[in-house]
Amino acid sequence: MKLNGVNSSDTWIFVLPKSCMNGDGDNIVMSLPHPRTDKNTKFLINVCDETCKLFELNRHQNECSSWIFNEQSVLADGSLFISTPFDPLYLILNELLNEETGKFVLINQLFSGSCELPDVGLKLLNCLPSLVQMENIAESTGTAEFTAYRFNEAKTLRWLKAKVERLADVVSKRGVMLGVDPAEGATAFAFGLISDYLPSKLSTKLGRYLGIEDKIKKRKSCGSQPSAKKAKEEPVEDYSKQLKTSNIVNKKSRPRSHKCLDKVDKRGMKTMSSFFTVKSKLKD
Amino acid sequence: MSINLNIHDKNLTSNSILHHLPCKIQANEEANVKSYFKPKKSLEGEKQCLSATFRGRPLDGKDIALPEGYVGVIVMEKNKPFSEEKLRSFDAVGCFKNFTQWYLDSQYTSENSIDMVCQTWATSITSAIHSPIDPKKLPCD
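If you're matching them up, the sequences are chains A and D in order.
The first sequence begins at 303 in the numbering used here and counts up by one.
The second sequence begins at 27 in the numbering used here and counts up by one.
Don't read these hints as lab results, they were simulated from the structure.
A quick note: this is a predicted structure, and the numbers were derived from the prediction, not measured.
Stretch-level coverage of chain A by chain D, calculated; a stretch enters the list once three of its residues show a Cβ under 8 Å from a Cβ in chain D:
1) 323 to 333
2) 432 to 443
3) 464 to 476
4) 494 to 507
Reference excerpt, derived from the structure (chain A facing chain D, CB under 10 Å, subset only):
5) S311
6) T313
7) W314
8) P319
9) E365
10) C366
11) S375
12) V376
13) L377
14) G380
For every residue, glycine included, the Cβ atom is placed at its ideal position computed from N, Cα and C.
Only chain D is shown next, with the shape it has when bound in the complex (with noise of 0.2 Å):
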């Protein structure tokens, strides 16, 4: 059973507004967001914050833009096959260029690790892994 994922361009519209939340919501569905999840641009000094609140708890927010190059897509299974074998579809219904990870209160720090995937993974180290070698460089033994 392969997947197919219809994500071209064309189909897009949107640029979605994405959050990555510290705690787990045991929901799949639509909630009233936007009168409840607030965050704030502030700033201090010359740096720019983001807080917000969830379930009465401190949150503090770090935009993350992914990396060159690289896009971001939202996919939907609108139908879903009912037996295994057959082919699944997924259609995009968003894409994203950035999106805005949530700490709770401590756990700011300037190396968390999805920082860590989007900056240096996905950039250099995945690239001297995968990128071809041409063998007529490589030196004879």
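Just chain A, with the same shape it has in the complex (with noise of 0.2 Å):
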């Protein structure tokens, strides 16, 4: 099969936690839909009888990039996959969201025909280090062997806001901000990131109970820049604009002779700026 003339590549280049090589797990890419998009989205989950982990995959990607590996291949696409762990929380989050609300439902009934993975759901709840992590996002019912579970809004914005605080901890004391102001621009950036595994209505929520929604909104319309095509229809030597702020500025500092000036009748005659403008301007 050939891409623009290139054969397509069976070849990629993925880095990975060593636990997924030294284990005996199986080591599945599946599609799941994200909780941000709700696109199907790949992850990999490392299977080993009761215990999972599941990791992210992060295509690092450049459009100028190719790989030589071995000193004898070349590889055309420049994608480095970088997998690392994956709260399996906001998944779990999302699929409870898209129920009914006050429906107790068991985790497995969840994510059905969204995968391609059989029992996708009980995998998940055997990525987590232990069910009390459900305690998190949802309330419970049942038995210790049928447990269902139902979303809880407050549980999830106190746990969410603990996942915010420590970002922001980590990414101040990184300095790893991008055009933030560090003093107060933490907590937002950190609450940024961690609504790219929300879904759009929960972050809205999360915002407005972590008090910093309406400084999110500020520093967006005060940063506001003309856009490219704005900034580019106006001539970036405009003359014109010059003389007419000029003209303000000095009308109290000209001479008595200018000033005089003013008081001729203009009247039929032609500023000395029409002779310099399109001629097509000046018939209409």
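Build the complex: two chains, separate frames, hints provided.
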């Protein structure tokens, strides 16, 4: 199969946690709806009996890059797939939110049809260090074997707040914020990063809960710059503007002879600049 | 259609050498890299510098170590499935702990994005976003 005149690649470069390689478990790449976009997104799951681990696949991609490896092979696509641990609660949370409100559901009933992997709900529960984790986002009912869950907003917001605070701490210590005032921005920046894993409705609620929603809006509005298109429309060196402003500024300091010129009857006279404008404009 | 990655350690024998080039090479095939791409190591003061040329352009190199606890794997699909529904499987053909990032002369900076991904994202940011929080330790409203 050829694409753009190049043989399609059957080789990829991955970066994974060592535990994926050393253990016995199977490493499976599967698709699940991403909580932010609801679009099917690829995740890596390491399945080893009753314990599973979930990873996010981040694709680092640069248009102008390629790989050379082992001094003999060329790979046109310079992508690097970096898989890092992913909290399965973000995925479960999204599915619980899609359920009817007030209904308790079994986790294995969720995700039905959205993933090609059998029992993906159970596998995600197995990714949690313990089922107690579910208390962060839901209330439970039932027996130890069959536990049903229901989304709980107050719990979820408290959990997310703890996440934002922990991340804000790391971010400000590391100094990795881009274009944010470090004093007040760390929480807002962390909120933005966490929001990338939340459905937009929930992220709005979280913003309100953290009391930073207004600040974010304010920052956006005061930082608004004319769009690139708008900026292009105006010439870089517009001398006519300078002329107008200097006229106003200098009105007071002009010599008396110039002030007398103002009183001259200018009807029927053309302005000096009109000689330099495009002819078609003069007609109308 | 899910994808199986067969990447268990025992399959792997060597530490692969990888170069990440700042240009697009429109090919997925074998090439006589050894004769034409020859990186040089030199010492500038105490700093070790990597340099090479590619199609007559000078390149500066930088060794990028993968973050602690991570390993790099080259995976290859040896048998392509005929239908879309079939399970696909990729096998590891090499592994690495570092690779060389090449920059076209002036691009060489300490804060290139691939550096950031390896050093900051994979180590501290992602664990702050994803590592579990004990619900019992959260304050009650």
